[in-house]
Amino acid sequence: MSNNKIIHWFKYASPQSFYPLAGKLIPWFWGLTAVFLIPGLWITFFAAPTDAQQGEGYRIIFIHVPAAWMSMFIYIVMAAWAGLGLALNTRLSGMMAQGLAPTGAIMAFVSLWTGAFWGKPMWGAWWVWDARLTSALILFFLYIGFIALQAAIDDARRADKAGAILALVGVVNVPIIYFSVKWWNTLHQGASVSLTKAPTMAATMLWGMLLMALAFWMYSIAVALTRVRAIILEREAHTEWVKELDEVKA
Amino acid sequence: MNAILAIIRRDLLLAMRRKSEVLTALFFFIIVVSLFPLGIGPETALLRKIAPGILWVAALLATMLGLSRLFAPDHADGTLEQMVLAPSPLGLLVTGKIIAHWITTGLPLVLLAPVLGIQFDLDSGALGVLMIALLIGTPLLSLIGAIGAALTLGVRGGGVLLSLLVLPLYVPALIFGAGAVEAHISGLGAGGHLSLLAALLALAVFFAPWATTAALRIALE
Numbered sequence: 094m095s096n097n098k099i100i101h102w103f104k105y106a107s108p109q110s111f112y113p114l115a116g117k118l119i120p121w122f123w124g125l126t127a128v129f130l131i132p133g134l135w136i137t138f139f140a141a142p143t144d145a146q147q148g149e150g151y152r153i154i155f156i157h158v159p160a161a162w163m164s165m166f167i168y169i170v171m172a173a174w175a176g177l178g179l180a181l182n183t184r185l186s187g188m189m190a191q192g193l194a195p196t197g198a199i200m201a202f203v204s205l206w207t208g209a210f211w212g213k214p215m216w217g218a219w220w221v222w223d224a225r226l227t228s229a230l231i232l233f234f235l236y237i238g239f240i241a242l243q244a245a246i247d248d249a250r251r252a253d254k255a256g257a258i259l260a261l262v263g264v265v266n267v268p269i270i271y272f273s274v275k276w277w278n279t280l281h282q283g284a285s286v287s288l289t290k291a292p293t294m295a296a297t298m299l300w301g302m303l304l305m306a307l308a309f310w311m312y313s314i315a316v317a318l319t320r321v322r323a324i325i326l327e328r329e330a331h332t333e334w335v336k337e338l339d340e341v342k343a
Numbered sequence: 111m112n113a114i115l116a117i118i119r120r121d122l123l124l125a126m127r128r129k130s131e132v133l134t135a136l137f138f139f140i141i142v143v144s145l146f147p148l149g150i151g152p153e154t155a156l157l158r159k160i161a162p163g164i165l166w167v168a169a170l171l172a173t174m175l176g177l178s179r180l181f182a183p184d185h186a187d188g189t190l191e192q193m194v195l196a197p198s199p200l201g202l203l204v205t206g207k208i209i210a211h212w213i214t215t216g217l218p219l220v221l222l223a224p225v226l227g228i229q230f231d232l233d234s235g236a237l238g239v240l241m242i243a244l245l246i247g248t249p250l251l252s253l254i255g256a257i258g259a260a261l262t263l264g265v266r267g268g269g270v271l272l273s274l275l276v277l278p279l280y281v282p283a284l285i286f287g288a289g290a291v292e293a294h295i296s297g298l299g300a301g302g303h304l305s306l307l308a309a310l311l312a313l314a315v316f317f318a319p320w321a322t323t324a325a326l327r328i329a330l331e
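Residue numbers (our numbering), protein chains in the order written: chain R, 94 to 343; chain F, 111 to 331.
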């Protein structure tokens with residue numbers, strides 16, 4: 094029985110069977126994005142109380158924190174796909190890693206950008222050379238390096254494998270980002286959401302943050318799947334099944 | 111072990127035959143370091159404060175210069191393919207090449223740094239810490255750089271791409287390396303920074319040759 098399941102999963106490792114599956118899943122993930130985003134934004138702008146010290150300006154953290162989480166999480170997922178691609182030599186894994194990279198880069202950029210907007214009224218500076226800010230910037234550079242390396246290699250399979258090694262080397266950096274707060278302990282405030290001790294923020298704010306994080310998550314999946322579908326079409330353009338697709342014929 | 115020694119001897123011999131390449135990187139290091147006082151001004155207190163960072167950034171850039179030569183000539187004349195086919199494991203040969211690269215680019219920086227540090231008015235204690243930090247840090251730079259050099263082997267615009275890939279990965283070495291000297295100057299003691307730098311080196315010694323070998327095999331497929 095379990096054997097059947099394994100075969101069942103590997104079926105979707107082939108671009109030909111994954112392409113229609115992704116096509117069916119994408120509207121669902123867009124729907125989930127809306128389901129989480131609408132109440133999330135409502136809490137962000139209306140329900141969450143004004144912060145006693147930070148005023149209205151703090152509301153940007155509802156974008157900033159989920160974006161920062163996603164930028165780190167996507168890098169780990171990307172590296173996991175990359176490692177899977179190296180270990181099992183599946184073509185789809187490399188495509189997934191390639192499809193995730195731009196979304197991760199955008200998330201890293203958004204977290205830096207919104208962080209600057211938050212920092213200006215709170216710290217009086219657009220940018221401070223704090224450990225966590227700096228490592229977020231390095232994460233952004235790592236994404237750019239990954240994208241640039243893949244773009245520079247014409248052979249798609251070699252690009253996947255070279256990118257995979259780079260992603261696995263870079264993934265060492267992601268825990269350093271997370272723990273840098275504890276290591277260097279500088280200007281940046283400590284992590285606001287903690288699993289070990291009671292959160293320091295109001296419950297509505299926590300809900301808002303979680304809803305926004307889920308919305309960002311679903312958005313990332315939807316966008317990455319869309320991109321993977323485009324990559325599949327590009328790379329498999331020579332195959333019969335792509336030529337048979339309705340959207341290609343039209 | 112013999113294979114490593116043979117590779118180191120070969121690469122050093124090649125470097126000795128083409129001295130200008132090694133010396134170019136070295137003079138690049140000296141010139142970059144000397145440019146900063148010209149740009150910032152000769153104020154001693156300020157120079158002393160920024161010296162560790164400048165020396166380390168210049169060391170990163172100088173190491174970068176030599177990286178594209180690490181595998182490219184061997185790739186061009188087919189030697190690299192023979193190394194892959196050789197009976198000794200490729201990882202060992204790669205380690206030998208990295209050691210040779212460090213001896214030709216990293217070690218001269220370690221020896222030169224105190225001389226340049228004097229220009230920045232660092233005292234003898236700080237110079238000692240700077241040398242130790244560079245002694246631990248430059249092999250780390252060579253090891254991490256080798257991964258980038260292998261990944262960009264024969265790739266369009268390899269040189270610029272190499273710096274894009276490798277420089278972000280150099281950041282921890284820069285932070286702890288320059289931090290060690292700063293911590294010493296401020297009286298905190300450099301031990302913690304040096305230990306972290308050494309920990310990074312231990313990690314890199316274990317993983318970097320392995321990752322470099324994998325990247326080389328992909329490049330030669």
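To be clear, the hints were calculated from the coordinates, so they are not data collected in a lab.
The model shown is predicted, which means the values in this text are computed figures rather than measured ones.
There's no promise every hint is true.
Some chain R residues near chain F, calculated using beta-carbon distances under 7 Å [as the list claims (entries may be wrong)]:
| hint | residue |
| --- | --- |
| 1 | Ala241 |
| 2 | Ile246 |
| 3 | Arg251 |
| 4 | Leu259 |
| 5 | Val262 |
| 6 | Val264 |
| 7 | Pro268 |
Each residue gets a CB set at the ideal place from its N, CA and C atoms; glycine is no exception.
Margin query: Hint R/Arg251 vs chain F: min CB-CB distance below 7 Å?
Written below: 6 Å, holds
Next item on the list: Double-check R/Leu259 for me: the hint is only fine if its C-beta lies closer than 7 Å to a C-beta in chain F.
Entry: 6 Å, holds
Margin query: Does the closest beta carbon of chain F sit nearer than 7 Å to the beta carbon of R/Val264?
Written below: 11 Å, violated
Checklist line | Interface restraint verdict for R/Pro268 against chain F (beta-carbon cut-off 7 Å) | finding: With a minimum Cβ separation of about 12 Å from chain F (threshold 7 Å), the hint on R/Pro268 is violated.
Check: Does the interface hint hold: is R/Ile246 within less than 7 Å of chain F, judged Cβ to Cβ?
Finding: Because about 6 Å separates R/Ile246 from the closest Cβ in chain F, which is inside the 7 Å limit, the hint holds.
Next item on the list: Identify whether the interface hint at R/Ala241 stands, where standing means a beta carbon of chain F within less than 7 Å of its own.
Entry: Interface hint status for R/Ala241: holds (6 Å vs cutoff 7 Å).
Next item on the list: Grab the minimum C-beta distance from R/Val262 to chain F and call the hint holds if it beats 7 Å, violated otherwise.
Entry: Status holds, d = 6 Å.
Of the hints listed earlier, those the structure fails to meet are numbers 6 and 7, in rising order.
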